[in-house]
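Chemist: In case you want the letters, here they are:
2 protein chains.
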Amino acid sequence: MSQPQGDTAGTAADVLEDLRGHLPEECLITDPTRLAAYDCDGLAAYRVQPALVVLTDTPEYVRRAVQACAAHRVPFVARGSGTGLSGGALPHADGVLLVTSRLRTLHEISAADQRAVVDPGVINLQVSKAANPEGYYFAPDPSSQQICSIGGNVAENSGGAHCLKYGFTANHVLALDVVTPEGEEVTLGTRAPDAPGYDLVGAFVGSEGTLGVATGVTVRLVRLPQEVRTILAGFEDTDQAGAATSAIIASGIVPAAIEIMDALAIEAAEAAVSCGYPEGAGAVLVVELDGPAQEVAHEFDAVEQICHTEGCFELRVATDAADRAAIWKGRKSAFAAVGRISPDYIVQDGVVPRTALPQVLRRMTEISAEKGVRVANVFHAGDGNLHPLVLFDGSVEGETERAEEVSGAILDLCLEHGGSITGEHGVGADKAKHMPKMFTADDLDTQQMVRCAFDPDGIANPGKVYPTPRLCGERPGRHTGPHPLQAQGLAEIF
Amino acid sequence: MSQPQGDTAGTAADVLEDLRGHLPEECLITDPTRLAAYDCDGLAAYRVQPALVVLTDTPEYVRRAVQACAAHRVPFVARGSGTGLSGGALPHADGVLLVTSRLRTLHEISAADQRAVVDPGVINLQVSKAANPEGYYFAPDPSSQQICSIGGNVAENSGGAHCLKYGFTANHVLALDVVTPEGEEVTLGTRAPDAPGYDLVGAFVGSEGTLGVATGVTVRLVRLPQEVRTILAGFEDTDQAGAATSAIIASGIVPAAIEIMDALAIEAAEAAVSCGYPEGAGAVLVVELDGPAQEVAHEFDAVEQICHTEGCFELRVATDAADRAAIWKGRKSAFAAVGRISPDYIVQDGVVPRTALPQVLRRMTEISAEKGVRVANVFHAGDGNLHPLVLFDGSVEGETERAEEVSGAILDLCLEHGGSITGEHGVGADKAKHMPKMFTADDLDTQQMVRCAFDPDGIANPGKVYPTPRLCGERPGRHTGPHPLQAQGLAEIF
Numbered sequence: 001m002s003q004p005q006g007d008t009a010g011t012a013a014d015v016l017e018d019l020r021g022h023l024p025e026e027c028l029i030t031d032p033t034r035l036a037a038y039d040c041d042g043l044a045a046y047r048v049q050p051a052l053v054v055l056t057d058t059p060e061y062v063r064r065a066v067q068a069c070a071a072h073r074v075p076f077v078a079r080g081s082g083t084g085l086s087g088g089a090l091p092h093a094d095g096v097l098l099v100t101s102r103l104r105t106l107h108e109i110s111a112a113d114q115r116a117v118v119d120p121g122v123i124n125l126q127v128s129k130a131a132n133p134e135g136y137y138f139a140p141d142p143s144s145q146q147i148c149s150i151g152g153n154v155a156e157n158s159g160g161a162h163c164l165k166y167g168f169t170a171n172h173v174l175a176l177d178v179v180t181p182e183g184e185e186v187t188l189g190t191r192a193p194d195a196p197g198y199d200l201v202g203a204f205v206g207s208e209g210t211l212g213v214a215t216g217v218t219v220r221l222v223r224l225p226q227e228v229r230t231i232l233a234g235f236e237d238t239d240q241a242g243a244a245t246s247a248i249i250a251s252g253i254v255p256a257a258i259e260i261m262d263a264l265a266i267e268a269a270e271a272a273v274s275c276g277y278p279e280g281a282g283a284v285l286v287v288e289l290d291g292p293a294q295e296v297a298h299e300f301d302a303v304e305q306i307c308h309t310e311g312c313f314e315l316r317v318a319t320d321a322a323d324r325a326a327i328w329k330g331r332k333s334a335f336a337a338v339g340r341i342s343p344d345y346i347v348q349d350g351v352v353p354r355t356a357l358p359q360v361l362r363r364m365t366e367i368s369a370e371k372g373v374r375v376a377n378v379f380h381a382g383d384g385n386l387h388p389l390v391l392f393d394g395s396v397e398g399e400t401e402r403a404e405e406v407s408g409a410i411l412d413l414c415l416e417h418g419g420s421i422t423g424e425h426g427v428g429a430d431k432a433k434h435m436p437k438m439f440t441a442d443d444l445d446t447q448q449m450v451r452c453a454f455d456p457d458g459i460a461n462p463g464k465v466y467p468t469p470r471l472c473g474e475r476p477g478r479h480t481g482p483h484p485l486q487a488q489g490l491a492e493i494f
Numbered sequence: 001m002s003q004p005q006g007d008t009a010g011t012a013a014d015v016l017e018d019l020r021g022h023l024p025e026e027c028l029i030t031d032p033t034r035l036a037a038y039d040c041d042g043l044a045a046y047r048v049q050p051a052l053v054v055l056t057d058t059p060e061y062v063r064r065a066v067q068a069c070a071a072h073r074v075p076f077v078a079r080g081s082g083t084g085l086s087g088g089a090l091p092h093a094d095g096v097l098l099v100t101s102r103l104r105t106l107h108e109i110s111a112a113d114q115r116a117v118v119d120p121g122v123i124n125l126q127v128s129k130a131a132n133p134e135g136y137y138f139a140p141d142p143s144s145q146q147i148c149s150i151g152g153n154v155a156e157n158s159g160g161a162h163c164l165k166y167g168f169t170a171n172h173v174l175a176l177d178v179v180t181p182e183g184e185e186v187t188l189g190t191r192a193p194d195a196p197g198y199d200l201v202g203a204f205v206g207s208e209g210t211l212g213v214a215t216g217v218t219v220r221l222v223r224l225p226q227e228v229r230t231i232l233a234g235f236e237d238t239d240q241a242g243a244a245t246s247a248i249i250a251s252g253i254v255p256a257a258i259e260i261m262d263a264l265a266i267e268a269a270e271a272a273v274s275c276g277y278p279e280g281a282g283a284v285l286v287v288e289l290d291g292p293a294q295e296v297a298h299e300f301d302a303v304e305q306i307c308h309t310e311g312c313f314e315l316r317v318a319t320d321a322a323d324r325a326a327i328w329k330g331r332k333s334a335f336a337a338v339g340r341i342s343p344d345y346i347v348q349d350g351v352v353p354r355t356a357l358p359q360v361l362r363r364m365t366e367i368s369a370e371k372g373v374r375v376a377n378v379f380h381a382g383d384g385n386l387h388p389l390v391l392f393d394g395s396v397e398g399e400t401e402r403a404e405e406v407s408g409a410i411l412d413l414c415l416e417h418g419g420s421i422t423g424e425h426g427v428g429a430d431k432a433k434h435m436p437k438m439f440t441a442d443d444l445d446t447q448q449m450v451r452c453a454f455d456p457d458g459i460a461n462p463g464k465v466y467p468t469p470r471l472c473g474e475r476p477g478r479h480t481g482p483h484p485l486q487a488q489g490l491a492e493i494f
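Chains as they are written, first to last, in the UniProt record's numbering: chain Y, 1 to 494; chain E, 1 to 494.
Don't take each hint at face value.
Since copy identity is lost for identical chains, a pair holds within one copy or between any two.
Using 25 Å as the maximum straight-line C-alpha spacing, the simulated DMTMM-like pairs for lysine to aspartate or glutamate come out as follows [claimed, not checked]:
hint	residue 1	residue 2
1	Lys437	Asp177
2	Lys433	Glu184
3	Lys129	Glu227
4	Lys437	Glu25
5	Lys433	Asp290
6	Lys433	Asp320
7	Lys129	Glu370
8	Lys433	Asp323
9	Lys437	Asp113
10	Lys129	Glu404
11	Lys437	Glu184
12	Lys437	Glu108
13	Lys129	Asp320
14	Lys129	Glu397
15	Lys437	Asp344
16	Lys433	Asp177
17	Lys329	Asp442
18	Lys433	Glu310
19	Lys371	Asp177
Hints were generated in silico from the structure; no laboratory data involved.
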């Protein structure tokens, strides 16, 4: 392996030279037209073509590639299926993109131990499909679950509609095999029932590729519920639907999911997939109950009663898989469907305490009216996770800027009400600039002490999550010298 | 503030000098007879008298004390109520013991936001008592909950009988105000519904005082269940009780708690508190069901049926608080009760996958017979968390050693079956030596990179958790020089 020249960082060409002969040529992509296919993830507003793409067919390839990057202090970005919505897998112009989507082996599905051991490139839904015959499934269910990878779920701590009851990815990962930014292979957590020492699995899940690359993931499997009932309730407006949500939660019921769509989101979904939601609804509420049959029956009665009390004018119930799929079809297609009613849109992802939902929704309507920018609302009401879709036409001068202004104002609104800048889509490239609104400089600095511990040279997904990278050498007596990011200026593109 | 002399670490006397004038004299304890009262925590087998005790009445005192320790590179150990069972709050002979038990304010109890904000010295049960009138409680319930502090729960990631359904302390902490080992005040996590960035709350909870001292804790509150039923079932032996446990879990029911006591543990409990458990029982199973009344009724029928199928000869049910307390009385007093049947005992804390319970219990009986050492078993059967009580008489030559041998053999047995060296009591001073049995050197080293990031001088609870402290300066280009622990040789006492 060629060595870096003193303190000078090398280039992706040095990494390529190191890897040739160890990895098949077809795994090393340098042709610009092929590189262009990897220039963005699910957030296509940001595009950067990487200098080199490495397709990793084995964990060994991941280790070799990271070690080569570490030896030359060349930045790397890991990418699974590339469905992320915050630009977490946006490549680095002078760096290496490590694609893990070909690591697709399901190594173990164990009902007795309620766990699965899988490669990072395995698709989210495949885990559930493999576990279903045993009576189990993998609970986190992002809308992209048919194509997103477990490795990406780990990086972003992905959620989904059913995370209200079952928790996020962090609640379902037991152990991780990881290649650290310095190229070491380590295991975080344990397959044993309890892990003493620091909970580094928790810190790694959601670290958005800044602490290393996962090459093996052990997840918890959850028992399939005995019964599932999905309720679709039509209301006059989101205030009523929101009041029903609050009343359901206040009654002590924890549904598997509670989703709200407003009139504009319903209009888009109807245009795209003809989901046949209650006619004239200003808002629909989707409530899914699961568990033992008797419990579901009992909770259903309560939910039905609450919906009617809060003004529901039409209520449908699905108990079989086909009817449930029909109800979910509108909700799950909502993001893409918005393309039917607007040439461009921004998917925002903020969270507010559930108790603040009514005020926040009302103020959002005001902002939308003030700025003349339409906002469709589709959200996980049960946990206060809003997904406003800010609509605009990029070909009309000034609309893009106004849409971005509204999108930013919505985040500020969330923060004013004690909320968060992201619920489940991550910080990535897109929201790093908002982090100082949520954390003090000292708090951010403390988080980055961990980053520096894992990645002293700042080569693992630089520029993501934290707006201003901590200079790992800045503490007296520690490693000093210019930070590699300072020269490379990735932050400029944001 | 006096400055440290170059690279030489100072002494507790230097810390005392710094604090005089800033803290009231009554908060600074140096009198040897008073220091003796702090020489151990709940694991009295290890005793070390600290050089200085600081009673911290305010978070400001904590910050000042830690800053003084940092300035002089003097080790410090934080202590709440001192009920820990792994020696996590064992003092350092040349160091400072920071006692947080006088920080006892409940700042906020909010039903609408389902959270409480409390000082670290607040007693676990006080949080529930304050939240009960609002219909909520704090779920983690270690047996010591009447006296243990929230700060100690955070340090040890404490569990309890009801953690099977509700999770450990880590699942219930939302945010922490922390003084880092370098004396900085930072907030980890957020009171907002979601925190982007690294999950340092997860890493801090269970870090056993090695990453700093918590001065404020925001915890999640859980809704009181509509109904609670507690079942006491008598069986011929632990095999039957274990089979009933497996069958209950396999049926899809998640009870709030499932506990098993064997004949020896029952004998001890009867001698101590006359709990009146089923006569002639070789094992009792305590199963607690909670939730909506209809769900509990439904689950109760299933549990009753399973118990009878698996050989239960007597089954009692408690539905009111007094009857429930009577059933729990035997279980909760079991550790102390063992004192009635043996002059000395070791409380072990291991975990095995639930599926391995029968083999492990059988082998434990064999080990006990082979070595002639009695072992009473009281355990959280639902999650495979064993608490074998190894009985001995310290006044009989060789018995202590034989008991320690059996206790160690039980841990090895847990590891052989894919288990863990601790379920809820922590690693502390007691089990640091066992960590390499569970983790590779590289895995331990990775965990300690985080320790070094927070605590480069190794002054926060040194000697605990990790058998061989990582030398924080060992990475090329980083802070170098002799590690302060090398000179102080704390490890020798273990």
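Chemist: Failing hints, ascending?
Modeler: 4, 5, 6, 7, 8, 10, 14, 15, 17, 18 and 19
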